[in-house]
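Trainee: The listed protein sequences correspond, in order, to chains A and B. Residues 3 to 256 (the numbering used here) make up the first sequence, in order. Residues 3 to 256 (the numbering used here) make up the second sequence, in order.
Treat the hints with care, as some may be off.
Identical copies look the same in the list; a pair holds intra-copy or inter-copy alike.
The calculated DSSO-like cross-link candidates involving lysine-lysine, where the alpha carbons are at most 30 Å apart (straight line), are [to be verified]:
(1) K202 to K80
(2) K202 to K129
(3) K129 to K80
(4) K96 to K80
Read the hints as simulated data drawn from the structure, not as lab findings. The structure presented is a predicted model; accordingly, all values stated were derived computationally and were not measured.
Protein chains: 2
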Amino acid sequence: MISRSLGQNLTNSIVQDLGVAIVTGTYSDQNPFPVEAQLCRQYGASRTALREAVKMLTAKGLLGARPRQGTWVQPESKWNLLDPDILGWLLERKFSPALLTEFTEVRLAIEPLAAALAATAAGPAEKAAVRDAIERMRAAERGEDDPLASDIAFHVAVLRASKNRFYAQLTELTTSALRFSIRTTNRYKGVKLASVADHKRVADAIVAGRPAAAAEAMRRMIQEALDLIVSHEAGTPARRRRSIARRARTPAAA
Amino acid sequence: MISRSLGQNLTNSIVQDLGVAIVTGTYSDQNPFPVEAQLCRQYGASRTALREAVKMLTAKGLLGARPRQGTWVQPESKWNLLDPDILGWLLERKFSPALLTEFTEVRLAIEPLAAALAATAAGPAEKAAVRDAIERMRAAERGEDDPLASDIAFHVAVLRASKNRFYAQLTELTTSALRFSIRTTNRYKGVKLASVADHKRVADAIVAGRPAAAAEAMRRMIQEALDLIVSHEAGTPARRRRSIARRARTPAAA
DNA sequence: TCTCGTATCATTAATATGATAAAATCCGCC
DNA sequence: GGCGGATTTTATCATATTAATGATACGAGA
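Take the sequences, apply the hints, and build the full model.
Mentor: Structure representation (structure tokens):
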């Protein structure tokens, strides 16, 4: 049985539950993915509901199935990491500095260019949204709004303003990542909250239609966040390569 | 009925068929998505098979369903554009210069950084893969290998060499896009095939461990491809903004 | 006796069918 | 105009049949 209040319907609840179990590494050679009938018993659900859940996870690349062979967890390389559900499950249920680092590298690639595109492509409405987000951040500084929510609103506004549909897809992912990233970095000592001044520099450049300035300001902000994450990956094997990766960006913009 | 030989099993065939129909805009207010029973008749399939197909499309964000309300096509903003299936359906079945442009903008953001990361993070095996791809491109120049396949192999090798799992996810997407992009650009007059020299510059920088050079060389290549696409978007409303977008990148690297 | 191919069988997902439940809208009644 | 049942449609359940696939046993030939 499963607490069905979570998502909404039974199938979705099973999807959530199995999805989390899979990405957190519950199943392996020692503990192979159960066969259909077994899962039905486990969840107290009918085969219909269960199979539909399995199909949804299959569509996201997490599972595979064949007669006589049963259902199995696909190798991680086949997972749709950019699926909002999967990334959410990973970030929320299986903390890994490496994953956060890698996703931030995605943001480091995308968001500066998004800011540049926004500076040329954004209409009045989109620019207003960016400005509004800055206002919210200011309000948050005065304790009149939520700092996290306003920070997220800013990045989402920029991504949307880029008018690139793929970038816009990252809003949900970025929301997850930011929400989680902040929660993590807040545990680090000496971390100040997002600086309104830094964000405003991006916003001003976008509104003024200065793509290069917008890109560079955004790049610096995210690079800073990435450095912060990397600097706390202490002891992780990946550390050295990350700090080199950082250096790699600098000359291209110098 | 549906020709089942396509994918493999009935459910997958229905997924493909419905998926293509949806992304190509078959359904609208005038032609709403049919109800379950109707689709069953249409495909001559059981409700089980059909419902599982619908669930898979729901998992990709294409469909939504509720009792008494039926099944409907979600607004495009909810589609998982980064799902390999969906992007494939879009690029192959619904050509749109705008979409190709937007995806190339994603590549323009990601691949240079991927090249930079590869220059510092790639191991011997990954570097060898990059070199091998260059060799294949050379062979293709002599007519001894497939130009398209070797070009794809190069970009895939770099993405993998970056050791960033999200970048690696783009391999399948890039494969689709390249395969399609080439097919398209080959129709343009005066288009030369991918230059081995340009690609080799990237490869050399990666092998030599020079991230900035790798990034810059890659950026130029993709920018060139983007320019090519944009320059042939003649008459499209998006044209002006794209050419500005191109300009936007230049100062950041100047 | 060994080897190879073939037939049989067992397991498991795939598909089909029909019935019941729950949700949401619509319609008519008060 | 609000309330309650009727209706439509998906959601879930239960059971049966089919198909795919791997394992095993069998048998023919060398």
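Trainee: Taking the hints in turn, state whether each one holds.
Mentor: Evaluated hints:
1. K202 to K80: The answer is between: 29 Å across copies meets 30 Å, while 39 Å in one copy does not.
2. K202 to K129: within (12 Å within a copy, 41 Å between copies)
3. K129 to K80: between (38 Å within a copy, 22 Å between copies)
4. K96 to K80: both (18 Å within a copy, 25 Å between copies)
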